[in-house]
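Below, each chain spelled out in residue letters.
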Amino acid sequence: MRKSGIAIISLALAALMITPAVAAPTIVKSTNGEVLTASVTSVKSGALVTVTGSHFDETVGIYLGFCVVPKKGSAPTPCGGGVNKAGTGEASFWISSNPPPYGVGLAEDFLPGGRFTKKVKISKMIGKFDCSKIKCAITVRADHLRTADRSYDLFIPITIK
Amino acid sequence: MKKLVIIAALVASILVPTSAQAAQTTFAGGPLTNLDSPASIHIALSNFPTAGGLYVMECVQGDAGVRPTLCNAAVQLWVSTSTGASFAPTADIVLKPTASFTAGSTAVDCTVSKCGIFLRFDHTLPTDLSQDQFIALTFKASTPVATRPNDVISASINGQALSAQVPMKIAYRQLATLAATAQSGATLTYDSLAPACALKGMAITALKGSGFCDIAITSPGSMSLAGYTAHFPLELTLGVQTIPAIKIGVNRKAMLATKTNFGEPVTYLGTGSCTTTKNVLTAKAGTCTVVAGARGQSGLYSPLNLRVVLKVK
Chain F
0 MRKSGIAIIS LALAALMITP AVAAPTIVKS TNGEVLTASV TSVKSGALVT
50 VTGSHFDETV GIYLGFCVVP KKGSAPTPCG GGVNKAGTGE ASFWISSNPP
100 PYGVGLAEDF LPGGRFTKKV KISKMIGKFD CSKIKCAITV RADHLRTADR
150 SYDLFIPITI K
Chain C
0 MKKLVIIAAL VASILVPTSA QAAQTTFAGG PLTNLDSPAS IHIALSNFPT
50 AGGLYVMECV QGDAGVRPTL CNAAVQLWVS TSTGASFAPT ADIVLKPTAS
100 FTAGSTAVDC TVSKCGIFLR FDHTLPTDLS QDQFIALTFK ASTPVATRPN
150 DVISASINGQ ALSAQVPMKI AYRQLATLAA TAQSGATLTY DSLAPACALK
200 GMAITALKGS GFCDIAITSP GSMSLAGYTA HFPLELTLGV QTIPAIKIGV
250 NRKAMLATKT NFGEPVTYLG TGSCTTTKNV LTAKAGTCTV VAGARGQSGL
300 YSPLNLRVVL KVK
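So the sequences go chain by chain: F and C. Residue 0 is where the first sequence starts when you use numbering that gives the first Met the number 0, and the numbers rise one by one after that. Residue 0 is where the second sequence starts when you use numbering that gives the first Met the number 0, and the numbers rise one by one after that.
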């Protein structure tokens, strides 16, 4: 299992600009080189956040979703939309270039270079959890074929306005 | 003197082999040699003991004086006048021994081991060896099973034949279409045994630019050909980045691709009779040289380094 040290590089350009026209994207990099970017991190409930990924390992399927931030070392859960094995909906996505046979047609392929771009729907409530009171984040984790592998977890915390 | 006689009798009884001891029961029956498997041996017993019943068993002959331990429980008979016995002592007793059987965890092959019919007192007299006797059996040598040759599977990618010994090279994200046939004509099944190669239908996609994959193709075989799984190794190589061909229009301008086929941003440098501003190429009459470049990604694809010379009229 890879060491999952995560370096968060916040492009605080907005702070340097006098009149920021657009909120700066937030970028999270794993030590393995995977890059996850969210267009904004402070949104109203129901907003769609553009999330891009690059340099992901295309041989490992992932779930992308909006989840309650778990305790360190625990699996991210619950997530908006649950674990999206159906590959539908805006709350979570299953991205895999090599899914098991039942996932063909459900999971979406990575783009070349381990890239993806998705619009993730942010909701204030994830089940009974209120993301205006607890930490929630746009989350990447390895799919159900590697359920216990925490080395693929990436988080970009989201603030609900 | 009396003690000496008793001791002598005991010694004599110990030294006499089990099978040669004075068995009261007389065995008659057959066939006993060159048997098929299973065989049907008809047995008639006479001088049947009155003290108890007998077990009629198929066993591997034990060491001298030792009861057999490897016996075929599936064909064991109990011959007795008691209720539940397989046969009455006076009946036409039919034993159906087999050329091979399993005793406990031991597989017995009676074409190799010395098997036979073993008679002994039943459970009512378990330690009485006086009825023990062994009648050897022989089975026909097993007819060798006609071995079918394996099915022969031929496969190709994009029309180029695959080899089971020499890996075919395929590049990262290269369009690779698999095709295969079996000599038997059977329907084949396909599997990619390495995660670096995705197999969807007949399309193989290399998800890495290095390493190896193993495409397994399985035939169930036919009446004349045995089922077989053929393995075709693939060697993965770095992907090749491309951009659409650079052409200058009649207005001597061209909008060039901003990204490669793998999504990397492309930078251009126009020299000679042309210049580039971002992805816009502007040319004059003469010779225009355009250099296009894009980053590669380690382990996936090579950088793009393209130089195009255009004659602009």
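Derived by calculation from the structure, the hints in this document are not laboratory data. Because the structure is a prediction, the values reported are computed rather than measured. Worth double-checking, as some hints may not be accurate.
[Unchecked claim] Result set (EDC-like, lysine to aspartate or glutamate): computed pairs, CA atoms no more than 20 Å apart in a straight line: (1) F:K120 to F:E107; (2) C:K95 to C:D35; (3) F:K28 to F:D129; (4) C:K199 to F:D108; (5) C:K258 to F:D108; (6) C:K199 to F:D148; (7) C:K139 to C:D108; (8) C:K139 to C:D35.
[What the hints assert, rightly or not] If you anchor each label on the Cβ, the simulated ranges turn out as follows: (9) C:K246 to F:K43: 21 to 29 Å; (10) F:D148 to C:T228: 28 to 36 Å; (11) C:G298 to F:T146: 20 to 28 Å; (12) C:T82 to F:Y101: 43 to 51 Å; (13) F:K123 to C:A215: 45 to 53 Å; (14) F:K118 to C:S209: 27 to 35 Å; (15) F:S73 to C:A215: 31 to 39 Å; (16) F:S44 to C:T186: 35 to 43 Å.
[As the list claims (entries may be wrong)] Just some of the chain C residues that point at chain F, by a computed CB distance under 10 Å: (17) Y171; (18) S191; (19) A193; (20) A195; (21) A197; (22) G238; (23) E263; (24) Q296; (25) Y300; (26) L305.
We put the CB at the ideal spot given by N, CA and C, even for glycine.
These are the hints, each one checked on the structure:
Under the criterion of a C-alpha separation no larger than 20 Å, the hint pairing F:K120 with F:E107 is consistent with the structure, at around 17 Å. Using a Cα cut-off of 20 Å, the hinted pair C:K95 and C:D35 holds, with the two alpha carbons roughly 10 Å apart. Annotation: proposed proximity of F:K28 to F:D129 is violated, straight-line Cα distance about 27 Å (limit 20 Å). Restraint check for C:K199 and F:D108: satisfied, since their Cα atoms lie roughly 11 Å apart, inside the 20 Å limit.
For a cut-off of 20 Å, the pair hint linking C:K258 to F:D108 stands: about 19 Å separates their Cα positions. Pair hint C:K199 plus F:D148 does not hold up; C-alpha atoms about 25 Å apart against a cutoff of 20 Å. A C-alpha spacing of about 11 Å is found between C:K139 and C:D108, which places the hinted pair at or below 20 Å, so the restraint holds. For the hint pairing C:K139 with C:D35, the CA-to-CA distance comes to about 6 Å; that is within 20 Å, so the pair holds.
At about 47 Å, the CB distance of C:K246 to F:K43 disagrees with the hint of 21 to 29 Å. Between F:D148 and C:T228 the Cβ separation comes to about 30 Å, which falls inside the hinted range of 28 to 36 Å. Our hint of 20 to 28 Å for C:G298 and F:T146 holds, since their Cβ atoms are close to 26 Å apart. Evaluation of the 43 to 51 Å hint for C:T82 and F:Y101 yields a failure: the beta carbon distance comes to about 59 Å.
Restraint check, F:K123 to C:A215: a C-beta distance of roughly 49 Å satisfies the suggested window 45 to 53 Å. The hint said 27 to 35 Å for the Cβ distance between F:K118 and C:S209, and at roughly 33 Å that hint holds. Between F:S73 and C:A215 the beta carbon distance is about 37 Å. The supplied range of 31 to 39 Å therefore holds. For the hinted restraint 35 to 43 Å between F:S44 and C:T186, the CB-CB distance of approximately 53 Å leaves it violated.
At about 8 Å, the closest approach between the beta carbon of C:Y171 and any beta carbon in chain F falls short of 10 Å, and the interface hint on this residue holds. The interface hint given for C:S191 is met, as the beta carbon of that residue sits about 8 Å from the closest beta carbon of chain F, less than 10 Å. This hint holds: C:A193 has a C-beta 9 Å from the nearest C-beta of chain F, less than the 10 Å allowed. Contact between C:A195 and chain F, as hinted, is supported at the beta carbon level, the nearest pair being about 6 Å apart and thus within 10 Å.
The interface hint given for C:A197 is met, as the beta carbon of that residue sits about 4 Å from the closest beta carbon of chain F, less than 10 Å. Taking 10 Å as the C-beta contact cut-off toward chain F, the hint placing C:G238 at the interface holds, the least distance being around 7 Å. Given hint, C:E263 at the interface with chain F, holds; its Cβ is 7 Å from that chain's nearest Cβ, closer than 10 Å. Proximity of C:Q296 to chain F holds as hinted, the smallest CB-CB distance being about 5 Å (cut-off 10 Å).
Annotation: interface hint on C:Y300 holds; nearest CB of chain F at approximately 7 Å, less than 10 Å. For C:L305, the shortest C-beta to C-beta distance to chain F is roughly 18 Å, which exceeds 10 Å, and the interface hint is violated.
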